[in-house]
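**Q** This is what each chain is made of:
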Amino acid sequence: MVNEIDVKKIDSIVMDKYEADSENLLHILQDINSEYSYIPEQGMKIVAERLCIPVSQVYSVATYYKALNLEPRGRHVISVCTGTACHVRGAGKIIEKIERELGIKAGGTSSDMKFSLQTVRCIGCCSLGPVINVGEDTHGRLKQDALPKILKKYE
Amino acid sequence: MSYATIEKLNSLKESGLKRIYPGRIKINVGMATCGISTGAGRLYDQLLEELEKFKIDALVARSGCLGFCQIEPLIDITFPGYPKLIYSRVTPDQLSGIVKELADGGLTGKGALARVTEDSSSVDGSMRDYPLTGIIEGIKDIPLISDLGFYKKQLKIALNNCGLIDPDSIEEYIARGGYYPLYKVLSGLKPEEVVDEIKKSGLRGRGGGGFPTGIKWETCRNAKGESKYIICNADEGDPGAYMDRSIMEGDPHSVIEGMIIGGYAIGSSQGYIYVRNEYPLAVKKCRIAIDKAHECGFLGENIFGSGFNFDIKISRGGGAFVCGESTALMASLEGKIGRPRAKYIHTVKRGFRDSPSNLNNVETWANVPTIISRGSGWYKKIGTEKSAGTKVFSVVGKINNTGLVEVPMGISLREIIYDIGGGIPGGKRFKAVQTGGPSGGCIPERLIDLSVDFDELTKVGSMMGSGGMIVMDENTCMVDIARYFIDFLKDESCGKCVPCREGIYRLHEILTGICNGEGKEEDIDLLLEMSRSIKMTALCGLGSTSPNSILTTLEYFRDEYEAHIIDKKCPAGVCKALITYTIDPEKCTGCVRCAKECPQEAISGEKKTPHVIHQEKCIKCGVCFEVCNFKSVVIN
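Protein chains in written order, with numbering that gives the first Met the number 0: chain A, 0 to 154; chain B, 0 to 635.
Please keep in mind that the hints were generated in silico from the structure rather than gathered at the bench. No residue lacks a Cβ here, since even glycine has one placed at the ideal position from N, Cα and C. Each hint should be verified, as a subset may be incorrect.
[Claimed, not checked] Stretch by stretch, here's where chain B covers chain A in the computed footprint (C-beta under 8 angstroms, at least three residues):
hint : segment
1    : 30-38
2    : 89-98
[What the hints assert, rightly or not] Stretch by stretch, here's where chain A covers chain B in the computed footprint (C-beta under 8 angstroms, at least three residues):
hint : segment
3    : 316-326
4    : 558-570
[Claimed, not checked] Here are the simulated DSS-like pairs of lysine-lysine, each with C-alpha atoms no more than 25 angstroms apart in a straight line:
hint : chain 1 : residue 1 : chain 2 : residue 2
5    : B       : K495      : A       : K65
6    : B       : K458      : A       : K104
7    : A       : K104      : B       : K575
8    : A       : K92       : B       : K427
9    : B       : K489      : A       : K65
10   : B       : K385      : B       : K199
11   : B       : K283      : A       : K65
12   : B       : K595      : A       : K148
13   : B       : K427      : B       : K379
14   : B       : K291      : A       : K16
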């Protein structure tokens, strides 16, 4: 599934919101990423052209930062916190359980585009560890057997 | 827009006091990220609805985090004539009950955690009583908040307002003494005098290294450059540390005011807050606060008619841990990839846009207004000789009271872990505490009386870092912990210098081998040798401190490494390859719960007879161990 790129939309981000200032490259890419759930290749080319910088520079930033994705992501992004507090309270087992439930590995997206699974380094809800975010919802004090029910809630 | 004046400040203070102490019912719902994730958002909506239903006249506000994250959601209620009552772990039913009490014209205090009879603010040293009229019996028996173990030894400067005020209200911040320090600075102090005051206070950077803040300011002030920049490092990346998030969400103006004062002191008119991508609420609260500060004339041109201009922009990070390092952060601010550079020339001389740039972290900035207001002499008396003031720690992991605690420097680890943290859950044995994030180390039980300040922590091989304190019990494997941090750093290494890029990768391979039971006896020496070389040769702080977790665990827990390598055993029962799960037939009741949950169908047995785990099928996911209600699954 590849989204059609709306040049006008990208232009409004690059030209209007960030005034074609290459110092805002990271912010431009963050906005495109939240618009499309990833940064389409064509989008990178348009950004490079408008900012008068090489595509390689845009690509290097797009691949360097974890918040930016080069592949389309699922409707719900599951972020498993792997901060130290969650780690000592068993975050590793939570990841493995979700991997088994969804049949994907951390970093992957289910074939029906329903879920993407990623790990994040500490979301600062240490008292709830182990904790996951599904989209904007936080689920804490998790045990493996609670996960199937949580995942069922999402369409 | 007209600039701020002292008259305007005074009138904002008046309206702030009326918001905090409205003379009618006042309710604060703790709605920082930690509160929201335990359901505070739903409670807030429910509260508004029910107050409306009973036609109760109350002022309801969303406050930040009071620090006691373990028992959230937290709500506090002031009923005229009563002390302020704090309710913890509030459920929807309990909230309905409380609203009914309010409708009946009072509070019984049933289920309240603590009462507050006076509020004090460290910014201006003010004290304000809750005027009590008819105090009823039940309420007298509720403990004072200052008598709770969790709060007793705390002294709040950076967290002064967190959980007490509505972060969206600049008036409430001012009512607690805020923006008066800025007025003091701009109406009568020379920039050099401000720098001097910070120098004399002994304030050291709260973000990691503990560099003296005043000296940094002075160097930046004296550096040559047309434009200078003030930067707030809010890229709080240490896993297990979230005090900066809490300050930005609960008291963003303290950071903003600190930055404006810093801007005046070093001669800068532009500030940046570089916030971690994972903190959307903190970004939102800072944005609102910056707008309000603009409206009131504390940001913008000619602040307090002094001729001094200052503005602040927010920049969201991209999710790279190394961007917490100053040179990488500044590269990222410029829209480039966030890679550190060698610091032959320090950023205070040439940093952001090749101009002198003064970077401090959130907690450091939040200390500044109080130091200016109370004076360096007052501040210096708190803490130890070389580490003045307080430090916020996030006490997390295997601990009863998870939360943010602010204590004077020099307090012992024992006091933090046992008196404030309430000890280890489940009667387990305390094994170690990890401080300093991935750059820090593990401190063993025998050093628990260590006094906590910058230098003492460094002496035992760890560091202060940003103040994360992860408590570990007998079920935490120290080899696994070392591997965890090395794995973290392997992912976060920017790849620029060889020692870090290749060295950490190799350390990770060796540690993974040890955890998988493939360790060789010479591995320990190899780990030590590589750790020492990486420490000496890596380009930036991320690389050069990366082996600390290995070095400290090897120094204090070498026996655990040896058990993994020689005996092929994981004493803590964590490393999968070295453990097996079995069922104790004496304890098993045959409830079949484990067999139902096992993803591998590796457990068999008749109902009401002891079950058996078939090792050849078992993938050691541990679900049987977690679901067994009779503790019959044993880790060997």
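**Q** Against which earlier hints does the structure fall short, listed by number upward?
**A** Going through the list in order, the structure violates hints 1, 4, 6, 13 and respects the others.
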